[in-house]
Amino acid sequence: MNNFSSTDEYIASEELMGSVNIAIALEKPLLIKGEPGTGKTMLAKAVAKALGKKLLIWNIKSTTKAQEGLYTYDTIQRLYDSQFGNEGVDDIANYIKLGKLGEAFESEEQVVLLIDEIDKADLEFPNDLLWELDQMEFYIHETKRSVKANKRPIVIITSNAEKELPDAFLRRCIFHYIDFPSKELMEEIVRSHFDNVEENMLKNALDTFYEIRTYSQLRKKPATSELIDWLNAMMIGGIDPNKIKAELPFVGVLIKKDEDLEVVRRRVN
Amino acid sequence: MFTTFFYTLKAKGLDVSLSEWITLHDALNKGLNNSSLTGFYYMARSILVKNETDFDKFDLAFEECFKGIKSENTITDTMLEWLDKSDMMELLHEEARSFLNQSEDLQVDKEDVETKFKDRLKDQDSEHNGGNYWIGTMGKTSFGNMGGNVGGIRVGGSTGYQSAFAVMGARKYKDFRNDKMLDNRQFQMAFRKLRQFSSKLDIPKTELDINQTIDATCNNGGYLKIVMDKPRKNAVKLLLLMDSGGTMIPFTKLLNELFQAIHKSNHYKDVKTYYFHNCIYSKLYKTPECENGDWIDTEWMFRNIDSDYKVIIVGDAAMAPEELYSDTGNYRGPNGGLSGEQWLLLLKQHYKKVVWLNPKMAPGNAPWREAETAIKNIFPMYKLTIDGLNEALVKLMSR
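So the sequence lines, in the order shown, correspond to chains A and B. For the first sequence, the numbering used here assigns the number 269 to the last residue and increments by one with no breaks. For the second sequence, the numbering used here assigns the number 399 to the last residue and increments by one with no breaks.
Some hints could be false.
[Said to hold, decoys possible] In silico BS3-like pairs for lysine-lysine, Cα to Cα no more than 30 Å straight-line: (1) A:Lys-33 x B:Lys-12; (2) A:Lys-61 x B:Lys-193; (3) B:Lys-225 x A:Lys-33; (4) A:Lys-221 x B:Lys-67; (5) B:Lys-225 x A:Lys-144; (6) B:Lys-67 x A:Lys-33; (7) B:Lys-57 x B:Lys-30; (8) A:Lys-65 x B:Lys-230; (9) A:Lys-220 x B:Lys-253.
Think of the hints as simulated: they come from the structure by calculation, not from any bench. Computed from a prediction, not measured in an experiment: that's the story for all the values here.
Extracted from the complex, chain A is given alone in its bound form (with noise of 0.2 Å):
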């Protein structure tokens, strides 16, 4: 059986390990929310090593359509190929080419498949995909062929609240919003990050963090992916952890905007 637990790099809640797991056992995609930075998509690679599966990732645009994930039909090139008069060009089949979802479909073993962003696409997106997504086959209108999964696929989505999903499509889903860490959460967040970190190093710049936090003012409050590399740049430039909080060093990589920068520099001041 299937089982997922924090891995070495990944430290996830007990909660969202729950989750996880609910969602290996009823064979439903989970749906994963949550700020920015805490991590949606690192959860896929982590549930893919965990289980020592393949990880197959779907990067969703604004422009992707349901189909791309199915299969495309590549006509350009049989129209091409077709004045030359290369062989095989009667053959469809030789110009359908699966897309990732196809991919997870096809493959042999059982899969990871993240969706990933599944908001940025149009509002229509998901619904084309329900039908898919709960019967894990779909039909190649071209060569009157159906694709169906061999194992059936683990599937992670993450979605960043841009747009609100359709019902139809949520229902179909478990759901987890990843909470932001607690202090001690992030205290182990860090570490599984860094080797050797300093302690009196970590201890400030948590405290920091967790300082600018709390300024309501702030439009893009930093995440723990931002944590991270501000950590990192101040391990490489050899900060002295005293001053991290009267000094803020390396700021910018923690706050983008100017007008937090800004704020974040009235406050310390």
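For this one, chain A is given, so just place chain B on it according to the hints.
Frame of chain A; chain B shown alone:
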């Protein structure tokens, strides 16, 4: 009992479908909750609730249904009330805390604390604060909220959580509720609703549809066959009229966010913004400072900004009745011979779609806010929350 839970969830406004409910039972049959109530809480939540804005509703329903269960961990409502004193936290200085810590129970192991907690939970029958045995606030035993003790169990309060009831007690997801005031990102999300692709409109096919052309050409044996399509562009034009200064000052940040969100959603065909003070009269200001002279004629706006612009008016509609009804009611600038109400009616006449967003709207018809009630009769008014904004945008898009 479970069916009750289903209906309680519905009663709390959670739209749980039958298929999700069956999935939950499926999960129960597979024993995925690890036979614990806490496990059940997280499992049920991940299956039944699909939006963090609904977590709070789920918490309330869960508490209502399961607080009666004879679980040793159960913390009743009243007990949480006793403990809900988190605003007193600030009174507790570092010194006092360290003093309290020295007094007793400093070294405790977890099991010991838990057993004692349960024992005392059984014994306790009244609210208790400040003592050193019972569960309550400000005390120095190992249990309860805000006690200075470092090693004890916390109930409610603002730190992390372990058990389901601790989470519910904290009502951690309260801030995510839909009816709360919203932030910029949520504004932006809402404004994405406001789009109308002109391909749905009745316009000529002027754009070359490359994909269809290629397909058609291929199907045509390689002989070119062109397919044309209607261009897909957002046809929505927006006119934003914002109340500025005076009673709106407390909402400056909120309005700023709204303004930013609209300008970041750069998918509109056009956005025009003007400002007013309290009510709309013969002049509209170009800047939020509302300085006399830096303005346009409201009639110029009627002439130059088409009636198919969708109008969003943002204001608290808090004004004296004469500011609305008198034709000399504008105490900051010219009235133009008409009362505020007449100007609003002209606006309503000219533009097909107008909504009013109010950051501090009173529910129903509030007799003590005469002007607001009168304006509600002219324009559909919505509270400036996620729900309110969504409703308003749906109203703007309706035909």
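Right, here's what the structure says about each hint:
1. A:Lys-33 x B:Lys-12: Holds. A:Lys-33 to B:Lys-12 sits at ~23 Å (cutoff 30 Å).
2. A:Lys-61 x B:Lys-193: Distance ~19 Å between A:Lys-61 and B:Lys-193 Cα, so the pair holds.
3. B:Lys-225 x A:Lys-33: This hinted pair is violated, its Cα atoms lying about 45 Å apart.
4. A:Lys-221 x B:Lys-67: violated (36 Å)
5. B:Lys-225 x A:Lys-144: Between B:Lys-225 and A:Lys-144 the Cα gap is close to 25 Å, so the pair holds against 30 Å.
6. B:Lys-67 x A:Lys-33: With Cα atoms ~29 Å apart, B:Lys-67 and A:Lys-33 stay inside 30 Å; holds.
7. B:Lys-57 x B:Lys-30: Distance ~26 Å between B:Lys-57 and B:Lys-30 Cα, so the pair holds.
8. A:Lys-65 x B:Lys-230: holds (19 Å)
9. A:Lys-220 x B:Lys-253: holds (15 Å)
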